[in-house]
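Chemist: Dock chains U and E against chain G, hints included.
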Amino acid sequence: MSLRFVEGFKFKRMDSPIHRLDPRAKFILTLGFFASSLMFTNIYALMIVFVAQVPGVLMAKTVGRWLRSMRGGLFLGVFIFVMNVIFGTSIVSSLAFSMRFFAIMSAFSFFFMTTSADDLGLALEQAHVPYSIAFTFTTAVRLVPTMAIDAQTVVDAQRSRGLELDKGNLMKRIKNYIPILIPLIISAIRRSVELAEALESRAFGATDNRTSITTLKMKAADIAVIVGTISSLAVAVYVYFYLPLPTLVIPFEFPRLF
Amino acid sequence: MISVENMSFNYPNGPDVLHGLNLRINDGEFAAIMGENGAGKTTLVKMFNGLLKPVQGRVLVDGEETSQRSVAQLSRKVGLIFQNPDHQLFAETVEGELAFSLRNFGFNEDVIHRRVTNLLTALDLERYATSSPFVLSGGERKRVALAAILVWDPKHVIMDEPTIGQDYLQKDRLRHFIMQLVSQEKTVVIVTHDVEFVAECKPRVILLSKGKVIADGRAVDILTNRDLIEQSSLAMPQIASLMNNLSDLQAPPGIIDTYSAREFLRERLRRGVIMRSPPGG
Amino acid sequence: MPAIVATDLSFTYAGADKASMESVNLSIEKGEFVVLTGPSGCGKTTFCRCLNGLIPNFYAGDLQGKLKVDDVDIKGKSTAELATHVGFVFQNPENQLFSLSVERDVAFGLENVGTPRKEALKRVEWAMEATGILNLRNKAPYELSGGQQQRAAIAGVLAMRPSIIVLDEPTSFLDPKSAEEIVAVIATLNQELKLTTLLVEHRLDVVSKYANRVIVMDRGQIALDGPPSEIYGDNARLIGIGLPKVTMLFHLLRRDGFPVGKNPTTVDQATEELRRLLNE
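Protein chains in written order, with the numbering used here: chain G, 1 to 258; chain U, 1 to 281; chain E, 1 to 280.
Hints are not guaranteed to be accurate.
[Stated by the list, open to error] Derived BS3-like pairs: lysine-lysine, alpha-carbon spacing no greater than 30 Å straight-line:
(1) Lys167/G <-> Lys77/U
(2) Lys212/U <-> Lys175/G
(3) Lys10/G <-> Lys53/U
(4) Lys118/E <-> Lys217/G
(5) Lys212/U <-> Lys30/E
I should point out that these hints are in silico values taken from the structure, not numbers from a laboratory.
For reference, chain G alone in the conformation it holds in the complex (with noise of 0.2 Å):
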């Protein structure tokens, strides 16, 4: 268990069709995905949304984050399948529940792996999402990598001072995270001191009419990525609605516990 399943989230900034999108066109996508998600319950359709999403990802370039993103998710899908089974619910449909966390997680992964937090400030901000909130929003995106730095950094200080986290029982075990936690918090709070110190310094928040030298302007492959993202959601809507879905049929019952 490591900070593997952060990875999934990071931005790295690459050429490829899906980087240059414009990030509200991404976001419109990504919400398609989500939507379909939690709309259908069968799962020949969750594993089509799933899938779906695969040629998004070859065509972004980064199958490989991706496929270790899906791989972190594991624990908790797995959990997800065995928490809806214990309590009474059929194989299919806890395979299904599963289903959706990944499609869902996957979604969220291929949009925060494709937009740099600053085409998402940008977003927001054009949005009329007021400037302090859009920049806390990227700010602290941009700060995850740096914190998770730290965060090892910490870890490794204390334990070249002896401390072993993987000993002992449940209790020991939480309270050798004080010595984490603290360092880590006041490295937090320090650096946030610093950061609005450059800030203030800077003349953040000086007027309300912030001007940008960027903006963003949506093209072509934009607006067909929207125009097929609302299409397909129509097509998800009539299929739910109106079409019956074969379904998978396990003969096999794991034995009530309640």
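Modeler: Chains U and E alone, transformed into the frame defined by chain G:
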């Protein structure tokens, strides 16, 4: 003894950070690991206490392979002091900070009390014994971090960039302290790019560049070599540059600190003679 | 009219029992390159924070006395207002870069004050050229070396066209080569733009060749103020600042009884002086 045999390392899915390193640091030696940012200095020292394990080759501390030991086990012998004290300070009092590692290593309370008291005195921190480490100044926090590692008396002491952000008096005090550790026969390794500091203490210099050792020898030889200095983004100590400019004086090579320079110049000025190259030569 | 005039300036941080800075009287002319140094805790950072309004707006406390920058009394002025007069570059390059591209980062301050897009783009271009980072414009700050990051920070400050720039130990985290380079950039900007420069530094060996004036603070007050060759004497050593090694060498030779003339503060000056001595 710390030895590195044909060791290579890379982070998972990352490029090679260290390539085929070979190195041996004997007990009681004083060495400085220098090189440009990103050369692999910090990665290398993290190998010495097992935080990182070699991908190829091996690292041995006192005969034991680090890959076979836990960090806690290796740390008993190798104390690694990180650059930023804020990455380790967490206790309610300075005493508690020092006692932390001793408790982790299983010392009994009497010994803990004794050692903590001794070290607080040695590092001039007695008056802060019951203070919170967070209210101390930057320099004081650095001393607390140092004390927190030395308190368990590791045989080998490694300091990562101990001089960054320190003023002259603090550096002077640090230099004296390091020499004290050396006289106590501890192995002391400092990772640094502070050329003037190294020129004054004259440790053995191990120069890293792009993950390889490009030089390993005396400070007086390495810090006067212009090519090596250029390659590792260092600067020549002022005294060495000065001696370079006065090369016609044919001073003995390797004068890099003020006292040696003064010795040489004093003698020359008293004689009032400038040695020129032999006539016809 | 001087760029900075401090009259009896004192400051005590909220909750502290003694002043961090006491009765500072100081005048800096336009275009001067001043190095401010002193042992840790001497008040040099405190003084700098007053110049752009971080004190008393960000750091609460009791500020007494008068301070004028660019002929503007800082009393009652916010940091945002002073940002166009005084630019501030901090020690840690990481925590003063805000965007994911150098170009957007340099524009940050201009955007904050509402500079129209065309004008902002022009100034960003100019600032990046002046600091030699045009080729890095699309890179993300985390892809840059420490020295490059500091250049980006300087560019970001420069774009706002302040008449005074304050740099608080900008070389702390840099290797020796990058440290020399960044100080050379700062000196060039000071010369070419007549940008009043206040550089806080411990590494006097790196900065002495550019400074025409060194101010040493000790325990909250100004202890010494003058050209480097005058300042780097016994008093400075007693305060505990790290003089350049060549200066220390000459101090030793002087103690040995040799007729050393003026105090050399750079390697070149030391070379010259030694040759003179040896030829006599």
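Chemist: Run every hint past the structure and note whether it holds.
Modeler: Hints versus structure:
1. Lys167/G <-> Lys77/U: Holds - the C-alpha atoms of Lys77/U and Lys167/G are around 20 Å apart, at most 30 Å.
2. Lys212/U <-> Lys175/G: violated, 41 Å
3. Lys10/G <-> Lys53/U: holds, 26 Å
4. Lys118/E <-> Lys217/G: holds, 17 Å
5. Lys212/U <-> Lys30/E: Violated, at about 48 Å.
When held up to the earlier numbered hints, the structure conflicts with 2, 5 and fits the remainder.
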